[in-house]
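Work out the full structure: start from the sequences and follow the hints.
There are 2 protein chains.
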Amino acid sequence: MNFIILFYHIEFIPFHHSYIMEFSRVIEKSRILTDLPELIPFSYDATRHRCIPSAVLRPVTKKEVVEILKIASKKRIPVVPRGAGTSLTGASVPVKGGIVIDLTLLSSIKWMDFESRCLAVEPGVVYDELNKELAKEGFYFPSEPGSGKVCTIGGMVATNATGIRGVKYGPIRDYVLSLEVILPNGEVLRVGSPSRTSSSGYALKDVFIGSEGTLGIFTEILLRVVPRPEFYATALVSFSSMEDACRDLASLMKEGIRLSVAEVLDSLTLETISMYTKLRFPKVKALLLLETDGWEEREVDKELRKALKICSNAIKVERSKYREKLWEARKAAFPSLAKYTPSLLTEDVAVPVSKLAELVKKIEEISASYKIRVATFGHAGEGILHPTFLLDEKNLKIARSAAAKLIDEAIKLGGTITGEHGIGIEKRDFMGMEHGRSLRYMKMLKNIFDPSGIMNPGKVC
Amino acid sequence: MNFIILFYHIEFIPFHHSYIMEFSRVIEKSRILTDLPELIPFSYDATRHRCIPSAVLRPVTKKEVVEILKIASKKRIPVVPRGAGTSLTGASVPVKGGIVIDLTLLSSIKWMDFESRCLAVEPGVVYDELNKELAKEGFYFPSEPGSGKVCTIGGMVATNATGIRGVKYGPIRDYVLSLEVILPNGEVLRVGSPSRTSSSGYALKDVFIGSEGTLGIFTEILLRVVPRPEFYATALVSFSSMEDACRDLASLMKEGIRLSVAEVLDSLTLETISMYTKLRFPKVKALLLLETDGWEEREVDKELRKALKICSNAIKVERSKYREKLWEARKAAFPSLAKYTPSLLTEDVAVPVSKLAELVKKIEEISASYKIRVATFGHAGEGILHPTFLLDEKNLKIARSAAAKLIDEAIKLGGTITGEHGIGIEKRDFMGMEHGRSLRYMKMLKNIFDPSGIMNPGKVC
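Protein chains in written order, with the working numbering: chain A, 904 to 1364; chain B, 904 to 1364.
These are computed hints drawn from the structure, not numbers from a lab.
It cannot be assumed that every hint is accurate.
Identical chains share a label here; the pair holds if one copy fits it or two copies do between them.
Think about it this way: if two alpha-carbon atoms lie no more than 30 Å apart in a straight line, the pair counts; the simulated DSS-like pairs of lysine-lysine are [said to hold, decoys possible]:
| hint | residue 1 | residue 2 |
| --- | --- | --- |
| 1 | Lys1039 | Lys1205 |
| 2 | Lys1157 | Lys1052 |
| 3 | Lys1157 | Lys1035 |
| 4 | Lys1346 | Lys978 |
| 5 | Lys973 | Lys1224 |
| 6 | Lys1013 | Lys1264 |
| 7 | Lys1039 | Lys1212 |
| 8 | Lys1157 | Lys1315 |
| 9 | Lys973 | Lys1349 |
| 10 | Lys1346 | Lys977 |
| 11 | Lys1013 | Lys1157 |
| 12 | Lys999 | Lys973 |
| 13 | Lys1039 | Lys1224 |
| 14 | Lys1242 | Lys999 |
| 15 | Lys977 | Lys1349 |
| 16 | Lys1242 | Lys1308 |
| 17 | Lys973 | Lys1346 |
| 18 | Lys1315 | Lys966 |
| 19 | Lys1308 | Lys1274 |
| 20 | Lys1224 | Lys1188 |
Small disclaimer: the values here were computed from a predicted structure and weren't measured.
Shown next, in the form of structure tokens:
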């Protein structure tokens, strides 16, 4: 990939020796990275933004996190908490320099209590790895982000992530019971409750969910899990337009069809995936990927057949026996597009499902009027689309204007500027558009937990 | 019921004429109540607490709510938002006098968009009424509080209510997409998003959910709904002890059984319900009420049969064909106990399900050592128990000590002081015990939205 570096880029400012000395009093020196080649992997995420931190600290205990934050607070050093760095918004890029706290070494599953359908993990546990453990016991942790093979639970909680099964299982917020959070001043808070539900006071837990590392650092996460389905039925439904696909999806929702996946992909996305994976998608204008899940093969199958009958706009309906390959291919949408084009600008708007057809029409209009190619795919059942602008060296500015227009249209349709990726630096300029007067209260909230503004500065609000 | 009035009771302080004049400029005079007999119905909730407000205002528009709050803010008049007044914590009792804002006239379903499985209601819509409308379209709004026949959606959101179907559907928090909130200064905020999920900034919406009217007043609530199950299978499982019942429930959870209801009731609760309703429960030490739901009769039935096989401690297993009567009887637990005894003190602790058996043992020990009768029932699948202390004129102080001991034990077991009823005035003294350092941040949060402290003063924190 040929990166276009823009907007955010600071020079590498090495720390004064005294800073390193101070940190090395609280964390083993081998886990303090300060050499440029070691720092580069921590300078980026899945966007084009690149900034090199002054140091990377890799704690292995809660106590180390506490002590690191105390020093950072005292010295007013910017702190960027980091999981796998899969963010699509620049959220894990250290745009103001300072330190990156790499949380991937805090990666143990602390306990699992299946009688309570609850478990505790450290933030660095990888999503797919957790599910491998759970599968052994017949349980499942929703809802499968595209980056599930590598992304961490901490990062998912920090962005209120969802994924391809969100239409049935919803976002991660619904599954987080409790968090241990280290505030920038080093204070340790326990928010939420290990019990399955609580009405005890203000929902601080929910304030930290989706806070993108701007309020504190998670050191323990308690999650609710659900029984793992045993059967799946999967189909590819082809359409001659994205609008048709979205209209049929709206009908499926209205008819109460119990889908566990409802993904939409346009022709450009399909072609690109076909180029870079072994899976050959049909050459059509739009595809809905539908799946039902459950514990009775007959029922799962019956529900899917019911769904397919409702798809009155479909031009072709095809049952798939290769669901695992299919979902792997679907998750390859973003990486395939990234290989295909010098660079990308991925959006993440969400609207009520009844408005999706209007939104895809707007996307096509924007693509035509700004003369920029857009590949659109997303978790349509949750109303989320990822219109991805294909960039070359020349059209980034145009793409930015086109994306702004798209966001404006999504908000007009009652939507949000980010369905699942979060704000980071990419969406920050649009916060006022979506939230209006509420933004002022978000800023006050930030100030409660991080009064000196060291936590992931330049992100969210 | 013979009320024991205690702890909170202020004299009726009529407003100065000028206050009434000022309110009558923004709300029709017929909807301002100031005569003592009219005020009495707004002086209480389902607890023993009684305090008479100076006036009750009954707005019918958002604009009226805004203008009322502006006046209250200017004059520093305490404001208590009120739905159906079914609170079990004193949350809707005007303990500092001032005005009660009765929101039951704001009771329209504004729109329903089934393509997006989303709808908008005013706060005064009654839970069961909403579900009647939804049933016509094949949808359902979870999760059935005991007071569902009368309680309002606004009150449910204000307490993060759950109910008998929480074990499958979770608390109301998971279903609230967006809120229109009027802050005490009259500012109108839109928090959350009409799209099914969003990762846009800090979760202000979730701060308002469960805030018990202490931060602002909801004037519109957007909710997610789910397809309505078509089949149910129901059973009564008898045990010779509450501990046995809770141990078997923990096994059901561990085995991944997909229950839609898992309620537990002890012998005293069962006897009392049998006295005041037409339903005769078996005369046993403990009963688990189990239900499965779904869309295939065979599967729903199969899952319940699987559940019953796992109940190895059961002394009797009985399938029920009269589920509606059964759930009506279950919901009559609290009202029956209220008829049976001069007064009640109802607790609402929740613990991880694996700890329920230990908790019921502690309850029995507390009952014995404090020499006070306790009737225990609750949404065991969610880990929620409502140990209810039976009061007479003499034992309130003992009951308070016993309840404090119970709360202490629940917290030691990793639990919460309130699973679903909220804090109100009843649980306020225990907030520090559960939340420790977090309580300070909750107070700062309150101060952001209600700096002059007029919103439901004396509640939550």
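Enumerated hints in conflict with the structure, sorted upward: 5
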